[in-house]
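Residue numbers (my numbering), protein chains in the order written: chain A, 1 to 333; chain B, 1 to 402; chain C, 1 to 149; chain D, 1 to 151.
Calculated from the structure, these hints are not laboratory results. Hints are not guaranteed to be accurate.
Stated by the list, open to error - With a straight-line cut-off of 27 Å between C-alpha atoms, the simulated DSS-like cross-links for lysine-lysine are:
| no. | chain 1 | residue 1 | chain 2 | residue 2 |
| --- | --- | --- | --- | --- |
| 1 | D | Lys124 | B | Lys268 |
| 2 | D | Lys139 | B | Lys86 |
| 3 | C | Lys8 | A | Lys311 |
| 4 | A | Lys73 | A | Lys63 |
What the hints assert, rightly or not - To give a feel for the contact side, a few chain A residues facing chain C, derived at Cβ under 7 Å:
| no. | residue |
| --- | --- |
| 5 | Arg35 |
| 6 | Leu36 |
| 7 | Leu40 |
| 8 | Arg44 |
| 9 | Asn174 |
| 10 | Leu190 |
Here the structure is a predicted model, which is why all the values come from computation and not from measurement. Don't be surprised by glycine CBs; every beta carbon is placed ideally from N, CA and C.
The chain contents come next:
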Amino acid sequence: MSPLLQALLRTLAAVALLLVNGVVLILMLRKVLARLHLRLGPTRVGPWGVLQTVADVFKLLTKEDFRPSGADKWLFRLAPVLVFVPSFMAYLPLALSDTWRFSDLDTGVLFVLAAGSLVPIGILMAGWGSNAKWSLLGGLRAAGQQIAYEIPLMLSVLGPVMFAGSLNVAAIVNAQRGVWLGVIPRWFVLPQLVGFVIFAIAGQAETSQTPFDMSEAESELITGFANEYSGMRFGFMFLAEFSNMFVVSALGVTLFFGGWLVPWADRNPLALALGPAVFMLKTYLGIAVMMWVRGTLPRVRVDQLLAFSWKTLIPVSLAWTVLSALVMRAVNL
Amino acid sequence: MSDIGRIGPSTGVVPTEGAHRIPVLPRGLRRAPSGIDEVATEHLIVNMGPQHPSTHGVLHILLELDGEVVVAAEASLGYLHRGIEKLVEHRRYHQIGTLLDRADYVSGLHSETALAMAVESLAGIEVPEKAQWIRSLVMEVNRITSHMLWLGTFGLDLGAMAPFLYTMREREALLDILEAITGSRMMFNYVRPGGVLADLPAGIGVALDTFLATFDGYMDEYDTLLGGNEIFVERVRGVGVIDATTATAFGMTGACLRAAGVDYDVRKAAPYAAYAHVEFEVPLGTVGDCWDRYAVRMEELRWAGRLIRQLLDGMPEGDHTAKVPKGLRPPAGESYAAVESPRGELGIHLVSDGSDRPYRMRLRSPAYFNLAVIDEALSGGLVADAVATLGSLDIVLGEIDR
Amino acid sequence: MWGLGILKGMAVTMRNAMRGPITVRYPDQRLPLPERARWAVSHRYDENGRPKCTACLICVKECPDHILSIAVSRTADGGKHIDSYRYELGACMMCGLCVEACPYDAIEMSHEYELASADQGDLVRELLHDVDAASPRRAASPAKEAADA
Amino acid sequence: MRPDVDATTEILTAAGVPLKEASSDTLGVVCRIEAFRLEAALAALRAVGYQTLVDLFGTDTGEAVELTYHLRRLGDLAEVYLKAIVAYDCEAPSVWRVYPAALYPEREAAELLGVSFAGHPNPKRLLTTEEVEGHLLRKDVLLRTPEEVAL
Numbered sequence: 001m002s003p004l005l006q007a008l009l010r011t012l013a014a015v016a017l018l019l020v021n022g023v024v025l026i027l028m029l030r031k032v033l034a035r036l037h038l039r040l041g042p043t044r045v046g047p048w049g050v051l052q053t054v055a056d057v058f059k060l061l062t063k064e065d066f067r068p069s070g071a072d073k074w075l076f077r078l079a080p081v082l083v084f085v086p087s088f089m090a091y092l093p094l095a096l097s098d099t100w101r102f103s104d105l106d107t108g109v110l111f112v113l114a115a116g117s118l119v120p121i122g123i124l125m126a127g128w129g130s131n132a133k134w135s136l137l138g139g140l141r142a143a144g145q146q147i148a149y150e151i152p153l154m155l156s157v158l159g160p161v162m163f164a165g166s167l168n169v170a171a172i173v174n175a176q177r178g179v180w181l182g183v184i185p186r187w188f189v190l191p192q193l194v195g196f197v198i199f200a201i202a203g204q205a206e207t208s209q210t211p212f213d214m215s216e217a218e219s220e221l222i223t224g225f226a227n228e229y230s231g232m233r234f235g236f237m238f239l240a241e242f243s244n245m246f247v248v249s250a251l252g253v254t255l256f257f258g259g260w261l262v263p264w265a266d267r268n269p270l271a272l273a274l275g276p277a278v279f280m281l282k283t284y285l286g287i288a289v290m291m292w293v294r295g296t297l298p299r300v301r302v303d304q305l306l307a308f309s310w311k312t313l314i315p316v317s318l319a320w321t322v323l324s325a326l327v328m329r330a331v332n333l
Numbered sequence: 001m002s003d004i005g006r007i008g009p010s011t012g013v014v015p016t017e018g019a020h021r022i023p024v025l026p027r028g029l030r031r032a033p034s035g036i037d038e039v040a041t042e043h044l045i046v047n048m049g050p051q052h053p054s055t056h057g058v059l060h061i062l063l064e065l066d067g068e069v070v071v072a073a074e075a076s077l078g079y080l081h082r083g084i085e086k087l088v089e090h091r092r093y094h095q096i097g098t099l100l101d102r103a104d105y106v107s108g109l110h111s112e113t114a115l116a117m118a119v120e121s122l123a124g125i126e127v128p129e130k131a132q133w134i135r136s137l138v139m140e141v142n143r144i145t146s147h148m149l150w151l152g153t154f155g156l157d158l159g160a161m162a163p164f165l166y167t168m169r170e171r172e173a174l175l176d177i178l179e180a181i182t183g184s185r186m187m188f189n190y191v192r193p194g195g196v197l198a199d200l201p202a203g204i205g206v207a208l209d210t211f212l213a214t215f216d217g218y219m220d221e222y223d224t225l226l227g228g229n230e231i232f233v234e235r236v237r238g239v240g241v242i243d244a245t246t247a248t249a250f251g252m253t254g255a256c257l258r259a260a261g262v263d264y265d266v267r268k269a270a271p272y273a274a275y276a277h278v279e280f281e282v283p284l285g286t287v288g289d290c291w292d293r294y295a296v297r298m299e300e301l302r303w304a305g306r307l308i309r310q311l312l313d314g315m316p317e318g319d320h321t322a323k324v325p326k327g328l329r330p331p332a333g334e335s336y337a338a339v340e341s342p343r344g345e346l347g348i349h350l351v352s353d354g355s356d357r358p359y360r361m362r363l364r365s366p367a368y369f370n371l372a373v374i375d376e377a378l379s380g381g382l383v384a385d386a387v388a389t390l391g392s393l394d395i396v397l398g399e400i401d402r
Numbered sequence: 001m002w003g004l005g006i007l008k009g010m011a012v013t014m015r016n017a018m019r020g021p022i023t024v025r026y027p028d029q030r031l032p033l034p035e036r037a038r039w040a041v042s043h044r045y046d047e048n049g050r051p052k053c054t055a056c057l058i059c060v061k062e063c064p065d066h067i068l069s070i071a072v073s074r075t076a077d078g079g080k081h082i083d084s085y086r087y088e089l090g091a092c093m094m095c096g097l098c099v100e101a102c103p104y105d106a107i108e109m110s111h112e113y114e115l116a117s118a119d120q121g122d123l124v125r126e127l128l129h130d131v132d133a134a135s136p137r138r139a140a141s142p143a144k145e146a147a148d149a
Numbered sequence: 001m002r003p004d005v006d007a008t009t010e011i012l013t014a015a016g017v018p019l020k021e022a023s024s025d026t027l028g029v030v031c032r033i034e035a036f037r038l039e040a041a042l043a044a045l046r047a048v049g050y051q052t053l054v055d056l057f058g059t060d061t062g063e064a065v066e067l068t069y070h071l072r073r074l075g076d077l078a079e080v081y082l083k084a085i086v087a088y089d090c091e092a093p094s095v096w097r098v099y100p101a102a103l104y105p106e107r108e109a110a111e112l113l114g115v116s117f118a119g120h121p122n123p124k125r126l127l128t129t130e131e132v133e134g135h136l137l138r139k140d141v142l143l144r145t146p147e148e149v150a151l
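Modelling step: build the complete structure from the supplied sequences, incorporating the hints.
So, in structure tokens, the structure goes:
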């Protein structure tokens, strides 16, 4: 097969995964939140409402594509693309198993984070381009928030990267084979517990989930930056949010929970063959926890959010990075 | 962690008189330059409402923002104005209750009772003991339903979705009970001059027992979910402070006033219905911030549960209503009767000219006076604080606009 | 302490998730209405299937929203004849004052609560049409008399 | 708790506010004064501890507008009603400097009864829009059906 065709097929596979994820995750969010809130969630379209999201996609597709008269034409149109494309790009370095991967980037982890940090530009463009006051506030909040949480997120992934000695996601996963003390899986979450907590907090902020949904802030900014969007433009922003959730959760699984590895059976060929399923299962569990947090907590205030990042999270993650580097050096040498 | 404990029992403390200050002039909204060096900047004026998730209906607030900081705020009312005070002048006394249900549509029994008391004091009607106890009982049930709605929406304002749906569980259970008693879930039309429409139906005691059995446990859950949550505490501590002086000067009543430490509760100050015969405490706050208003209302909820128990246990036998003619013509004169509604002192001022319709009825709406303070209370905070403060005031636009 | 309260809160939501939904799936499942529930006004008939209304017009006078109207004519023998008893459902607020006022038990607050309609005409109902009114003496309900006594 | 009529009269007279009438009826202590003395009277009462304005509203008596000020002292729960007559479309002093609680009700009384309050910092309409004609709580404004309004 020609490399070009291969690349095209891989990209298409990533797009397919993204779209399926979007459809599944939106339904999952509704069902998880409903369960947490003593409700049933959608029940009408299809058995148990499984086709609800499909119906929603059709609804969004048939809606009028509406642009406020005072909006900046180009920024307004470009913004959803700029929000959506990076969230798609972040899929590419991910590896579902040793063999199932979209690309083999040696700087995979860095690429995911770099792609993620493009999203706030799109959000800021949406907020500014809409020429609406609430949208503008939402866009500005998003920009401040993403900058503040980008740094602890980057620092928190350094621990596993140092342990594995590589930025390649497959190398990081393969470094988590085996057990410690005969029983404990060699997952990086144990030695890097602090790093993982920072990753979880920053990841929740990075995906703009409650308690960090500053840029949307339903009760304050009335969905903020996405306020003036309708139809599929809104749909893309919505989809990007869920795709970001998947990316963050998948990255967390890769870095801290042994990716596609089954604990205590990580050399078993059957378990390895099931790799993609294991990986998806772990990722979806992570997303479920994110939704659980989202369904429980109130929202922090924007100044508290920034103060928490700059005054607590960043110093702690810096100190933790230095500490783990020192300990690694002391133990390994 | 959750220091509800500092909400103490009533101490009888009242801020000293004379401690009044002339408030700042409510600034009209203007586009003010806030030049940072050479960069010309303008304050942003945004419309919060009339269709905004946190204005609890159709309130419209103009916010003047400097970045995210609120510089000035001005409420604009009237989106729900139905002219109830005018309509009342064309109705006979027993027909007014239907309108008052729709004034404060979250706690209609309180306004109905206030009206009934005002009419009774004008016409000199003696209300049977049983009716008084039933009134207190249904009002306390109504207080829980109202506070539950407040608690849920307050959580929503702060971004917490879960409490809203949990409070609906309690609210639904009690609305079902109220429907069994009064015939309607919210538009009760149950308390009438002279007594109440009908005696309690059979089985209400059991239904309330079932509710009360789980109520305290669920209240603990809310305290964990909100009051014990660090994010929530950070959001409400020291936010939207309305001190005792401001609160009294603006005529605030209810939990908003008591959160500032002023011991004023109509149920204690001028006991009506059966409140003289039951024991309860009035929880007080100290600072008057959103946290105090939250904590005071949470304690009120717990006390309402205990009051329902006492009222059920002590329910006397007897008639549920006195004989009152349909075409009641109270003698000419004026009367004022107030109840402690979930939002504060709800008063009905009746002016009678001796005919079968009131000459003038004034509804002293508690949320109307509680809301007036926002011009002052929102300034200086962030947009998020404005939402929290507004949520903690517990406004119902139906009674503000009337 | 940062974190502990958050974890406890998450335990609460998880506990509630375990309790399961409290939803009543409305059109498929229904809650029973309590005895006193007040919904659309409907007419009552005596044991012979004749309407109990005497066309005394008390309900019309009592309605705060003026949504009841009765067109009355005289029969040959001097009795009352109801040409139509109109009820504007769309403006009714179900306060029940008309039913309370009726001395003959001729109307009731029914338990019919699915009142929405796409047709505006459905919101004005003709409860009675072209019938002779009951004579007040025959219609007086023993229960009401006992209550009044 | 009802305060003495005489004591209230004394306070007001000492503040230079002569009373037209003072009585104690079903309502409580009711003092009638001239409208232009309202601010002085309320300030005097505030100085002796009536720190809350419970309510402020107007009534159309058929000849003029009667303003009612309902005051309360939280310490001993004493209540006083002040009443003053203002002719239609005439002016009463705004008392918001004494009681900021008066800010909203004064705007409401102004739009619904057609009196104005001198010195009100924000004399806009409160509940109705500019298009509404007439002062709705006046007795000469009649209730109309929706059909009549549409015509």
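Against the structure, the hints come out as follows:
Simply put, D/Lys124 and B/Lys268 have alpha-carbon atoms about 37 Å apart, too far for the 27 Å limit, and the pair is violated. With a CA separation close to 9 Å, the supplied pair D/Lys139 and B/Lys86 stays within the 27 Å bound. For a cut-off of 27 Å, the pair hint linking C/Lys8 to A/Lys311 stands: about 25 Å separates their Cα positions. For a cut-off of 27 Å, the pair hint linking A/Lys73 to A/Lys63 stands: about 19 Å separates their Cα positions.
With its C-beta approaching chain C no nearer than about 5 Å, A/Arg35 sits inside the 7 Å limit, and its interface hint holds. Among the interface hints, the one on A/Leu36 holds; its C-beta lies about 5 Å from the nearest C-beta in chain C, closer than the 7 Å criterion. With a least beta-carbon distance of about 5 Å to chain C, the hint placing A/Leu40 at the interface is held under the 7 Å criterion. Taking 7 Å as the C-beta contact cut-off toward chain C, the hint placing A/Arg44 at the interface is violated, the least distance being around 10 Å.
Residue-level restraint check for A/Asn174 is violated (minimum Cβ-Cβ distance to chain C is 33 Å; threshold 7 Å). A least Cβ separation of about 19 Å between A/Leu190 and chain C goes past the 7 Å threshold, and the interface hint is therefore violated.
Hints 1, 8, 9 and 10 from the earlier list are contradicted by this structure; the remaining hints agree with it.
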